[in-house]
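Undergrad: Each chain is listed here by its residues.
2 protein chains.
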Amino acid sequence: MIEDKNQQRTDLNNLGEFALIDHLTKNFKINHKSTIKGIGDDAAVLDFDKKKIVVTTDLLVEGVHFDLSYTPLKHLGYKSVIVNLSDVFAMNAKATQITVSIAVSNRFPLEALEELYAGIETAASIYNIDVIGGDTTSSTTGLLISVTAIGEVKGDDETYRNGAKPNDLLVITGDLGGAYLGLQVLEREKEVYKVNPNSQPDLEAYTYIIERQLKPEARQDIIKLLSDLEVKPSSMIDISDGLSSEILHLCKQSHVGCDLYEEKLPLDPVVISACEEFNIDSTTVALNGGEDYELLFTISQEDYPKIKANPNLSVIGHIRESEAGMHLVTRADSRIPLKAQGWKNFNN
Amino acid sequence: MIEDKNQQRTDLNNLGEFALIDHLTKNFKINHKSTIKGIGDDAAVLDFDKKKIVVTTDLLVEGVHFDLSYTPLKHLGYKSVIVNLSDVFAMNAKATQITVSIAVSNRFPLEALEELYAGIETAASIYNIDVIGGDTTSSTTGLLISVTAIGEVKGDDETYRNGAKPNDLLVITGDLGGAYLGLQVLEREKEVYKVNPNSQPDLEAYTYIIERQLKPEARQDIIKLLSDLEVKPSSMIDISDGLSSEILHLCKQSHVGCDLYEEKLPLDPVVISACEEFNIDSTTVALNGGEDYELLFTISQEDYPKIKANPNLSVIGHIRESEAGMHLVTRADSRIPLKAQGWKNFNN
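Sequences listed follow chains H and B, in order. Here the numbering used here is used: the first residue of the first sequence is 1, the next is one more, and so on. Here the numbering used here is used: the first residue of the second sequence is 1, the next is one more, and so on.
In case anyone wonders, no lab produced these hints; they're calculated from the structure. Don't take every hint at face value.
A pair counts as met if it fits within one copy or between any two copies, since identical chains are not told apart.
Claimed, not checked - Once the Cα atoms are required to be at most 25 Å apart in a straight line, the calculated DSS-like pairs of lysine-lysine come out as:
1) K51 x K74
2) K252 x K29
3) K51 x K190
4) K215 x K29
5) K232 x K154
6) K51 x K154
7) K252 x K26
8) K29 x K51
9) K74 x K215
10) K50 x K94
None of these values were measured; they are calculated from a predicted model.
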């Protein structure tokens with residue numbers, strides 16, 4: 001919502017496609033020995049020796065997944081990498097390479113794409129990822145980003161959604177609902193801005209939840225932690241569509257049920273106070289707010305001593321036989337069937 | 001331009017994202033032993049044992065890369081796979097897996113996406129490719145398809161753009177310019193249709209060039225042929241932006257020059273007659289018409305006897321020292337510097 005009228009605007013029409021790609025990718029460095037050839041040929045060439053690899057891809061579309069009126073392009077570039085890395089980590093893999101493709105209309109000057117790529121480069125640098133290719137083309141309207149991420153996994157370390165067993169513990173990293181509430185704050189400020197463009201919002205109290213929305217992180221640290229603790233989850237999934245939705249995926253693919261305890265849901269104090277302010281139930285937000293990019297996993301009870309002291313991990317329930325169904329056990333000790341109410345992009 | 005008023009239209013809003021993905025991908029089969037896990041988890045899991053892999057990605061955008069007024073969705077799905085496989089083959093690799101992501105507006109009914117995925121499935125089946133993942137989301141306007149293709153390569157069989165050596169022969173597969181002329185025919189018929197929607201175009205004479213545009217093939221056969229002939233090209237690239245542009249890439253990355261002979265350019269009789277009809281110079285079309293998806297490669301002169309009898313391969317010139325520059329040698333024996341005038345999507 002802040003516009004610098006004096007900023008430089010270089011028209012994309014003045015550059016060819018190849019010159020644009022060269023310009024945007026010139027700072028990308030190759031760090032992994034598995035990257036034999038990165039950007040600059042018909043395809044990248046990778047050598048993982050005997051290791052297995054994981055491959056995942058996500059599209060981010062303007063007007064559907066992001067609103068540029070309050071999303072800085074640098075943050076958007078960063079987030080477009082993070083959402084893919086989160087999927088790699090959910091396989092218990094080490095993220096190693098990404099490709100980045102963008103479709104962009106002529107309303108964006110070169111400087112805007114430089115910001116976007118600066119965010120991509122920052123994420124690649126922090127998470128130690130090689131950018132090995134991509135495609136850059138024009139679009140008739142907005143901005144679209146398509147990222148494919150590749151990771152490597154040693155031996156049989158990969159974790160699937162289908163390995164949860166009855167009596168396993170259901171564990172979640174970090175806390176829930178922040179990204180959703182950050183979005184509510186940003187949407188509210190957008191409405192205020194429409195009415196009074198000169199208003200100066202004081203968003204300091206919301207820093208945590210706005211960052212959760214605009215600049216999320218992926219839990220690379222947890223993959224290392226689990227490895228250090230010698231814990232291999234029996235199943236794992238990342239939280240992109242909301243906890244309920246992800247638990248249902250995990251239970252259905254594992255052919256099991258579960259009990260999830262309302263009182264165990266990890267909530268940050270900023271999330272709790274924002275829920276009060278917006279008059280939303282915090283349990284609903286924890287269950288259905290998307291885009292937290294935390295990891296949900298199951299472990300056998302034997303592994304509980306290894307994780308119980310860790311402040312990053314919360315045991316929120318346990319796996320049951322399929323016949324028991326999937327339930328939320330409320331603070332009042334009633335059992336409510338879990339439903340998926342997460343992001344539904346086709347139902348806006 | 002043919003519309004069936006009675007066709008079924010199922011609104012995408014009536015399906016959730018997961019139900020849509022399940023529906024569209026239910027017929028995809030896994031054939032490669034390197035595919036450990038395909039669609040259905042946070043990421044696909046692949047095991048190439050000790051083989052190297054190649055990775056490439058391409059975006060196709062409505063209104064930029066295709067016009068749905070004359071592009072059947074099934075052909076579009078097919079082509080979206082082919083353009084990526086062509087890049088895999090240009091590395092001298094065997095194509096094994098793809099991911100397919102689409103962004104699509106609500107103006108498309110489910111039946112349209114079924115057509116698109118039928119084309120994707122047909123290409124995957126013919127070229128023996130496993131579809132291992134993707135993303136499906138809404139867009140605010142048109143249709144966008146993002147495909148990432150993976151291939152495998154044994155030992156050091158991969159070919160780069162930078163290996164051409166002076167005195168190497170410049171070889172092209174198939175013939176050139178057909179896809180560009182097919183596009184001219186389709187654009188002309190679109191204009192005719194706008195004036196008279198009841199006109200019944202007779203396009204039989206143009207079948208070859210229209211197919212080159214709407215349903216191109218990638219030269220998987222050539223990779224097998226080269227392997228059978230025990231020829232490893234010193235460099236290779238696929239023809240997506242036009243022969244001139246690709247020769248310039250290859251020569252610049254190899255730090256060499258070249259002489260390309262106008263009289264050697266392979267042209268189909270349908271291309272020659274369409275050039276006459278449209279009053280376009282056939283050499284210009286062969287040099288700058290894009291989307292032929294043929295392979296351009298260089299081989300050492302020693303390998304010439306192995307390839308000379310093959311009707312799929314034409315020697316069109318030879319590599320020279322860098323100082324000699326890159327030239328077209330015309331039928332009149334004059335030397336014209338080669339220029340890239342291919343597709344420039346930012347300059348429409």
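Undergrad: Take the hints in turn and mark each one as holding or not.
TA: Structure-based check of each hint:
{"no.": "1", "hint": "K51 x K74", "in the structure": "neither (33 Å within a copy, 37 Å between copies)"}
{"no.": "2", "hint": "K252 x K29", "in the structure": "between (41 Å within a copy, 22 Å between copies)"}
{"no.": "3", "hint": "K51 x K190", "in the structure": "neither (47 Å within a copy, 52 Å between copies)"}
{"no.": "4", "hint": "K215 x K29", "in the structure": "within (22 Å within a copy, 37 Å between copies)"}
{"no.": "5", "hint": "K232 x K154", "in the structure": "within (12 Å within a copy, 33 Å between copies)"}
{"no.": "6", "hint": "K51 x K154", "in the structure": "both (5 Å within a copy, 16 Å between copies)"}
{"no.": "7", "hint": "K252 x K26", "in the structure": "between (45 Å within a copy, 17 Å between copies)"}
{"no.": "8", "hint": "K29 x K51", "in the structure": "both (23 Å within a copy, 24 Å between copies)"}
{"no.": "9", "hint": "K74 x K215", "in the structure": "within (9 Å within a copy, 39 Å between copies)"}
{"no.": "10", "hint": "K50 x K94", "in the structure": "both (15 Å within a copy, 18 Å between copies)"}
Of the numbered hints given earlier, the model fails hints 1, 3; all others are met.
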